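These protein sequence lines map, in sequence, to chains S and A.
Just so you know, numbering that gives the first Met the number 0 puts 12 at position 13 of the first sequence, and the rest follows in order with no gaps.
Just so you know, numbering that gives the first Met the number 0 puts 54 at position 55 of the second sequence, and the rest follows in order with no gaps.
The set of hints was computed from the structure by calculation and includes no laboratory data.
Treat the hints with care, as some may be off.
Copies of the same chain look alike in the list, so a pair counts if it works inside one copy or between any two.
In silico DSSO-like cross-links for lysine-lysine, where the CA-CA straight-line distance does not exceed 27 Å [to be verified]:
1. Lys93 x Lys72
2. Lys87 x Lys98
3. Lys69 x Lys98
4. Lys87 x Lys69
5. Lys41 x Lys93
6. Lys72 x Lys27
7. Lys87 x Lys72
8. Lys41 x Lys72
9. Lys93 x Lys17
If you're wondering where the values come from, they're calculated on a predicted model, not measured in any experiment.
Number of protein chains: 2
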Amino acid sequence: MKPAEGTQQMFAVIFSSKRAETSAEEYKQVADRMIQLASGQKGFLGVESARNPDGSGITVSYWQSLDDIKNWKLHSEHLSAQQQGREKFYSSFKVKICKVERQYEF
Amino acid sequence: MKPAEGTQQMFAVIFSSKRAETSAEEYKQVADRMIQLASGQKGFLGVESARNPDGSGITVSYWQSLDDIKNWKLHSEHLSAQQQGREKFYSSFKVKICKVERQYEF
Chain S
0 MKPAEGTQQM FAVIFSSKRA ETSAEEYKQV ADRMIQLASG QKGFLGVESA
50 RNPDGSGITV SYWQSLDDIK NWKLHSEHLS AQQQGREKFY SSFKVKICKV
100 ERQYEF
Chain A
0 MKPAEGTQQM FAVIFSSKRA ETSAEEYKQV ADRMIQLASG QKGFLGVESA
50 RNPDGSGITV SYWQSLDDIK NWKLHSEHLS AQQQGREKFY SSFKVKICKV
100 ERQYEF
């Protein structure tokens, strides 16, 4: 993960979702493929993800610019995955686009 | 969750952590108490959390202002919990303070 200091800006996409109780194997395949695909996109800085046993989960991806986020959102294979997400993978989700103001770690 | 539109600003604290493999019951008590306590703080807008079976997790809390985030960070009972976090609950964590630029949901 690159630092959000100096001239290096960083943006985060917070994707909060509730999984529908179907298509577990197919979901895993598509989700893994999206991580793989996102990782190769321009401006990608990292991703982290967690899901509770009840199906609620959070994925945060980090990007160099808002344009990089827009380009990823419009990627053809990602658009197809988004459609599957609305049709069968998720019962609900929320997306928040954020500018990282500062960070620290332990 | 209030919208981040018009004059309503919203800030997010992304807390990514790896649990140490100890103090499970005590951790749950402190974590639950921190959610309860945060929910009563000025400017608190919401919180969501998820953890994987391997102990990695993400908690995102939402606030009206950076000052609200700072005040919560300096809350005496929260300071004590943060110390416990570094001493025994987490093997590592990262914190990112973000400004929510826009959001949408399904």
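Hint check results:
no.: 1; hint: Lys93 x Lys72; result: both (14 Å within a copy, 26 Å between copies)
no.: 2; hint: Lys87 x Lys98; result: neither (30 Å within a copy, 31 Å between copies)
no.: 3; hint: Lys69 x Lys98; result: both (14 Å within a copy, 18 Å between copies)
no.: 4; hint: Lys87 x Lys69; result: within (23 Å within a copy, 40 Å between copies)
no.: 5; hint: Lys41 x Lys93; result: both (24 Å within a copy, 24 Å between copies)
no.: 6; hint: Lys72 x Lys27; result: within (19 Å within a copy, 36 Å between copies)
no.: 7; hint: Lys87 x Lys72; result: within (19 Å within a copy, 39 Å between copies)
no.: 8; hint: Lys41 x Lys72; result: within (12 Å within a copy, 35 Å between copies)
no.: 9; hint: Lys93 x Lys17; result: both (9 Å within a copy, 24 Å between copies)
Going down the numbered hints, you'll see the structure goes against just number 2.
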